[in-house]
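Each protein sequence line maps, in turn, to chains A and B. Numbers 1 to 278, taken from full-length UniProt numbering, label the letters of the first sequence in order. Numbers 1 to 405, taken from full-length UniProt numbering, label the letters of the second sequence in order.
Think of the hints as simulated: they come from the structure by calculation, not from any bench. For every residue, glycine included, the Cβ atom is placed at its ideal position computed from N, Cα and C. One or more hints might be untrue.
Pairwise CB distance ranges, derived in the manner of DEER restraints [to be verified]:
no., chain 1, residue 1, chain 2, residue 2, range
1, B, Y29, A, L123, 31 to 37 Å
2, B, G23, A, D233, 50 to 56 Å
3, B, Y10, A, S270, 54 to 60 Å
4, B, Y10, A, P218, 53 to 59 Å
Just so you have them, the derived chain B footprint on chain A, three or more residues with Cβ under 8 Å [claimed, not checked]:
no., stretch
5, 85 to 96
6, 135 to 147
7, 158 to 166
8, 215 to 224
9, 266 to 275
Listed below are several chain B residues computed to face chain A (Cβ distance under 7 Å; list not exhaustive) [said to hold, decoys possible]:
no., residue
10, L32
11, D38
12, P277
Each chain, written out:
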Amino acid sequence: MSSKEAESPAQAMHISQCDSAPLLWHTDEVAAARSLGLVGALLGSLPRTPRQNVRLGRPLLLLPEEERFLGDCGALTAISQSDVGVREHARQVALYEETLERSYQEQQVLALQDRKAAVLRALNSSRPGSEVDCEEDKRRRLETLERHFSFQRSALMVQLNTARVGPAHLSAGPASCAIRTPAADAKYQVFLDLRRRGFYLTSAGKFGGDFLVYPGDPLRFHAHFICVCVRADERVPLSDLLAAARLGSNVKKTLVLCSPHCHGGGVTYSSLQWSGMI
Amino acid sequence: MGFSANGKQYLLPEEALYLMECGNVQVFYQDLPLSIQDGFECFLSSSSVSLQQYQVFGHLKRLGYVVHRFDASSQPSSYARQLNLPQSRGARSLKRKRSDSLVPTCSHSEAHKVPDVKRRQAEEDPTLPESRPTSSQDTLGAQSPSADSNGGRPWWITDAVASHQSHEHACRRSLCWDGVIVFPDVASLRGHSSCLASPDPSLLPGGLTVGECDVKPWTRRINQREVKMSAKDRERERREHRRKWDVNRDEKVRQCRNWAEYHQLLASRQGRRSGRPEHLWQREVTPLHDHTQPISTGELLDKISVIKSTHVLEGASRLKASEEWRICFTVYQPDTVATFKKSNPGKPFAHMCICSFTGPVPDLAAIKQLSFQSGDVQIVFAVVDAGDISFYTFKDFQLPTDVYP
C-alpha cells in the first residue's frame with residue numbers, strides 16, 4: 001500500500017466537467033481509479049443492455065474528495081472542448097466519412113458471407129437427396145445470390161462512441177474548480193486518513209452520513225461503518241446522535257463519528273453501536 | 001418523446017441524450033456525430049437540464065415511466081377544476097376530484113352534525129302528539145319554556161339550545177343543511193297562539209303560497225285531559241304538606257345565623273334547582289357549556305380543543321413561487337403507455353422535484369407552494385446522492401379523534 005502511494009500513478013486521468021461534476025469517461029482511467037481505491041459511481045447506461053437500472057455504465061462520477069485526491073496526486077488533467085479551425089474541422093469530417101466508407105465495404109463482404117451461409121443451411125436441411133445434383137444446384141444459387149446481392153446503406157451498423165475519440169484538448173485552467181470550505185476540508189481530511197488505512201469509501205447520503213466505509217472492494221464486502229464528520233469542538237444535540245445511531249443499527253452498520261484535528265493532524269474516531277439490553 | 005413545431009420533429013436535450021445512450025439515435029453537429037461524452041457536456045447544464053435531473057430522468061425512463069417536462073401553464077387552475085372544464089390540451093378525464101380547498105368548512109361541520117342529528121331526533125319523539133299523554137305532559141312541561149321563548153318566531157327555525165350555538169348554526173346553515181327537521185310542538189301551543197305562521201316564501205317552490213295554519217282542529221284531536229282531582233283530594237294534599245313541612249327541620253337552615261345568610265341559601269338552592277348555580281354562572285368566568293343542554297361528544301371536543309387542525313393547502317395560494325423549489329418533471333404510469341396519447345395524457349402519476357442530500361429539506365412554505373402548483377397529483381422528491389436516487393413523498397395525515405356517537 002505504501003509503495004503505491006509513494007510512486008505517482010502512471011496513468012494521467014482526464015476529468016471532464018459536466019455541470020460542475022467531475023466525470024471519467026475512458027475505461028482504462030476508470031480501472032486506474034479503482035486500483036487507487038476510488039470507487040465513484042457509474043451514471044450511464046450499459047451499451048449492451050441500456051434499459052435497466054441494475055448495472056450502469058460509464059461515465060464514472062467522482063466524489064469531490066476523490067477528485068481532490070487525484071488532483072493532489074498529480075494525476076488530473078482537465079479537458080475542455082476548444083473550437084477547432086475550419087481546416088481542422090474539414091479534415092475531421094473527411095476522416096469520419098472515410099472510416100464510414102471503409103466500414104461499409106467490410107460490412108458488405110460480411111453480409112454476403114452471412115447470406116450465403118444461410119442459403120446453404122436452408123438447402124442442406126430441406127433436401128437430403130442425391131449429392132451431385134445438389135452441388136450443381138447450390139453453386140448456381142450462390143452465383144445468382146452474389147450477382148443480385150446489394151447491401152443497403154441504411155443497414156449499415158455504426159458505432160456510437162461513449163468517450164470522445166481523438167486527441168483530448170487540455171485546458172489551461174486548474175483541474176478542479178470546487179470551492180474549499182472548512183467543512184469540505186474536514187471531510188477531505190477524514191477521507192484521506194481512511195483511504196490511507198486501506199478502506200474504500202463511497203457516499204452515504206441515503207444512510208444519513210457522510211461516507212460509507214468498506215473494509216475492501218465494495219463488490220466483495222458489505223459496508224461496515226457509516227462515517228459522520230463532526231468537528232471536535234462542535235456541540236451535537238443528543239437527539240441527533242441518537243437518530244444517527246438508530247439509523248446505523250437498523251442497517252447493521254456501526255456509526256463512526258470522525259473529528260479531524262486541525263492543521264493536518266490525525267483524526268479521532270468514536271464509534272456508536274447498539275449493544276442490546278443486558 | 002419529443003414534440004413537433006414548424007412542421008419538424010424536435011427532441012428535448014434530455015430525451016436526445018437518453019436515446020443516444022440506448023443506441024437509438026445518432027446526433028450530428030456540423031456533420032460529425034456526437035459521442036455520448038459530447039452529449040453530456042453539451043446538453044446538460046444548469047440552464048437547461050442539470051446532471052442530477054438527467055440522472056432521475058434516465059432512471060425513470062429505464063424503468064418504463066413516461067416522463068415529460070413540467071408545464072405549469074397546462075395545469076388547470078383551481079377554478080377551472082371546480083367547473084370540470086375540459087383541458088385545452090385535449091380532454092383530461094372529466095371526472096376530476098373536486099379540489100379539497102373548496103369546502104373544507106362544510107365537510108368538517110357535516111361530520112360533527114351527524115351525531116347531533118341522532119340525539120335530536122330521539123328527543124323530538126316525545127314531543128310528537130302520538131306518545132303517551134302522561135309522559136308527554138312531563139316533557140311538554142320541560143319543552144314549554146323553550147317553546148315559549150320562540151314567541152312569534154316561525155316554527156321551522158330551529159331553537160338552538162344556547163344562543164351562541166344558534167348563531168353558529170345559522171352560519172353553517174348557509175352552507176349546508178344539517179339534516180335536522182324540527183316539528184312544531186302543537187300541543188304546547190294551546191293557550192298561547194292558536195295558529196302557526198305561514199312559511200317563508202323563499203323556502204317554497206315557486207308559485208306556491210301557504211296561509212297561516214289553524215291549530216285548533218288539530219289540538220281538538222289530541223287527548224289533553226288533565227288529571228282531575230276532586231276538591232276534597234286537593235284539600236287533603238294541602239293539609240298534609242303544611243303539617244309535615246317545617247322549615248327548621250333543615251340542617252342548613254339551622255346553620256344560618258341571620259336573614260342575609262338564609263336568603264343566600266335560598267338563592268343558591270334556587271340556582272341549583274334551575275341548573276345554573278350562581279357561583280358558576282354569575283362570575284366573570286362561566287362554564288364553557290351548560291350541562292343541562294344536550295351536546296354531542298364531537299362538538300364538546302371541538303369546544304375544548306385548543307389547536308385546530310389545518311389542511312396543507314390552507315394559505316397556499318398566497319405564497320409566491322420560490323426559485324429554489326420547482327417541479328421539474330411530470331411522470332405517467334408505465335402501464336398506461338398503451339393508452340397514453342400526447343394530446344390526451346390522462347392524469348399524471350406524480351410530479352417530480354429534484355434535490356440532493358447536501359441541500360436543505362423542503363420547508364412548509366415550499367411544500368405548500370408545490371402542492372398548490374401540482375393540484376391533486378402527488379409530489380415526489382427525488383433525492384440524488386452520487387449514483388443513488390431515493391424517492392420521498394409527504395402524505396397528508398389526520399389525527400384520529402375517538403368520537404363514537
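Against the structure, the hints come out as follows:
1. Y29(B) / L123(A): 31 to 37 Å: 48 Å, violated
2. G23(B) / D233(A): 50 to 56 Å: About 54 Å separates the Cβ atoms of G23(B) and D233(A), which means 50 to 56 Å holds.
3. Y10(B) / S270(A): 54 to 60 Å: 56 Å, holds
4. Y10(B) / P218(A): 53 to 59 Å: Given a distance of about 41 Å, which is not inside 53 to 59 Å, the answer is violated.
5. 85 to 96: Three-residue rule met by the stretch 85 to 96 of chain A, so holds; n is 4.
6. 135 to 147: Our answer is that it is violated, as 0 residues pass the Cβ test (under 8 Å) against chain B, missing three.
7. 158 to 166: holds (count 7)
8. 215 to 224: Three-residue rule not met by the stretch 215 to 224 of chain A, so violated; n is 0.
9. 266 to 275: The restraint on the stretch 266 to 275 of chain A is violated, since only 0 of its residues have a Cβ under 8 Å from chain B and three are required.
10. L32: 6 Å, holds
11. D38: 6 Å, holds
12. P277: 49 Å, violated
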